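Throw the hints in and build the complete structure from the sequences for me.
Taken in sequence, the protein lines are chains X and F.
FYI, in this note's numbering the residues of the first sequence are 1 to 145.
FYI, in this note's numbering the residues of the second sequence are 1 to 285.
Any given hint might turn out to be false.
As the list claims (entries may be wrong) - Simulated pairs of lysine to aspartate or glutamate, EDC-like, Cα-Cα distance not exceeding 16 angstroms:
no., chain 1, residue 1, chain 2, residue 2
1, X, Lys130, F, Asp278
2, F, Lys59, F, Asp278
3, F, Lys249, F, Asp278
4, X, Lys109, F, Asp148
5, F, Lys104, F, Asp216
6, F, Lys249, F, Asp207
7, F, Lys188, F, Asp216
8, X, Lys109, F, Asp205
9, X, Lys35, X, Asp131
To be verified - Distance windows between CB atoms, simulated:
no., chain 1, residue 1, chain 2, residue 2, range
10, X, Ser69, F, Pro192, 34 to 44 angstroms
11, X, Arg61, F, Asn83, 35 to 45 angstroms
12, F, Asp205, X, Pro98, 29 to 39 angstroms
13, X, Leu42, F, Val204, 45 to 55 angstroms
14, X, Met75, F, Ala270, 35 to 45 angstroms
As the list claims (entries may be wrong) - Chain F regions said to be covered by chain X (calculated; three or more residues, Cβ under 8 angstroms):
no., stretch
15, 143-151
16, 263-272
Derived from the structure by calculation, the hints contain no laboratory data.
Quick caveat: nothing in here was measured; it's all calculated off a predicted structure.
Idealized CB from N, CA, C, for every residue including glycine.
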Amino acid sequence: MNPDAASTDRPSVGFDDQVVEAFKIIPELLSRDEKLIGRGRLLDVECLLGPTVQPFHVTIRGGRILDMSPAPVLMRSWRFAYRATPAAYHAYWQAMPPPGWHDLLALTKRGGATLEGDLHPFMVHLQYFKDLLSLPRRSSFGSAP
Amino acid sequence: MNGFIEPIVGRYVHVEIDGEINRIYFEESGSGIPLVCLHTAGSDARQWRHLLVDEEFTKQFRIIAFDMPWHGKSNPPDSQYGNEYRLTTASYTTTIRAFCNALKLDRPVVMGCSIGGRIVLNLAISHASEFRALIGLEAADFQQPWYDTAWLNRPDVHGGEVCAALVSGLIAPNGPVVARDETLWGYKQGGPGIFKGDLYFYRVDGDLRGRVGQIDVRQCPLYLLTGEYDFSCTPEDTLRTAASIPGAKATIMERLGHFPMSENPAQFRAYIAPVLQDIVNGQNI
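Here is the structure:
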């Protein structure tokens, strides 16, 4: 699909759900990636990540996701938030993402994602978060019909 | 193969820049038309190593790649330790011309990438008669910033890690893993504040909008090549720039990003070979 078209048209509920479900498997994919966990070994943070239609409060300790709960959670705080449209995640997770949809900061530049809050933990661990949020690319998501 | 020695030769040349001798490290290979290669911001001339060992190109070109002062094996000027580094249009232009003069190069071709691509445009505007041809990779007269460079040099953020992580997204997906790792390694090895200082030229001082129309390609041919995955200098940025320069030749390169010569040398070769051949053919007219 054309990500530009999807980002301007109202995405279908089914499309949104597909992206949200793919996001939910990130903790499991991370748990199998000791190298990525090791990259985040000094990272402890509460952040808000996910699709704009359904972000998640994510608790990370020592590079491992201890908890991921759908927002909103009553009075839960976060240091930073990275939220992207379902169409942006869909494109980002393709096995060969289209140009301009292949990097977290490419998405923010084009307006497909927003980065908010205290960016220090995000920038200190930038490659960790790039790799973390690209994990569904390794699943069957990218090749799904 | 164990024991194989590459044909690249590395030496130092003493170059007077703004009244001070700089000890500049350069590598070269081949013979023929001098071809000077400029590395990207925050990295060094190792990015060009694949071009320097190309058996075909080195038959017709003396390919030379140098580390800018403050980069790679070219130290800061003796008087500048402790000062904040800031590259400007003037200092960059002076450095390139001084290096070419020190080596007594006869109207070299200059090929630069990223900041090197931008400065090539300035060479075309102001000093075209000194060059045989100019090649800008990932080059445009201006491009929109996509992050705050203050993150690149502060004591509570690892400079090497954040520089590499930022530019990692400028590499096209699914290229050779080792080439990607090596490209990022260059960013992890940069001196503190050097990438940021280079970007002063790119972001603040080197805006060439409204000036590139002065370029006369009849005096010096100009080639612009940009990777389709470069979201910093986008294909649209390059095509817009080329459209304002009559006769400039622009190419968008598939499956390449911001570091074509180092992130995927084989893919880049397919695009640069016809450009180099065009330059060779031009010498025979």
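Verification of the supplied hints:
Restraint check: the Cα-Cα separation between Lys130/X and Asp278/F comes to about 40 angstroms, which exceeds 16 angstroms; the hinted pair is violated. Taking the CA atoms of Lys59/F and Asp278/F, the gap is near 15 angstroms; set against the 16 angstroms cutoff, the hint holds. Restraint check: the Cα-Cα separation between Lys249/F and Asp278/F comes to about 11 angstroms, which is no more than 16 angstroms; the hinted pair holds. At roughly 12 angstroms between alpha-carbon atoms, Lys109/X and Asp148/F fall within 16 angstroms of each other, so this suggested pair holds.
In summary, the hint linking Lys104/F to Asp216/F is not supported, as the alpha carbons are separated by about 25 angstroms, beyond the 16 angstroms threshold. At most 16 angstroms may separate the alpha-carbon atoms for a hinted pair to count; Lys249/F and Asp207/F exceed this at roughly 21 angstroms. This hinted pair does not check out: Lys188/F and Asp216/F have alpha carbons roughly 39 angstroms apart, beyond 16 angstroms. Proposed proximity of Lys109/X and Asp205/F is contradicted: the alpha carbons are some 22 angstroms apart, above 16 angstroms.
With a C-alpha separation of about 11 angstroms, the suggested pairing of Lys35/X with Asp131/X holds against the 16 angstroms cut-off. Between Ser69/X and Pro192/F, the C-beta spacing of about 40 angstroms keeps the proposed range 34 to 44 angstroms intact. A C-beta distance of roughly 42 angstroms is found between Arg61/X and Asn83/F, which places it inside the suggested range of 35 to 45 angstroms. Separation of Asp205/F from Pro98/X is about 33 angstroms and conforms to the stated range, judged on CB atoms against 29 to 39 angstroms.
Checking the proposed 45 to 55 angstroms range against Leu42/X and Val204/F shows it is violated: the Cβ atoms sit about 33 angstroms from each other. Look at Met75/X against Ala270/F: about 57 angstroms separates their beta carbons, and that is not inside 35 to 45 angstroms. Counting residues of the stretch 143-151 of chain F whose CB lies closer than 8 angstroms to any CB of chain X gives 4, so the stated coverage by that chain holds, three being the minimum. Only when three residues or more bring their CB closer than 8 angstroms to a CB of chain X does the claim for the stretch 263-272 of chain F stand; here the count is 0, and the claim is violated.
Of the numbered hints listed earlier, those contradicted by the structure are 1, 5, 6, 7, 8, 13, 14, 16.
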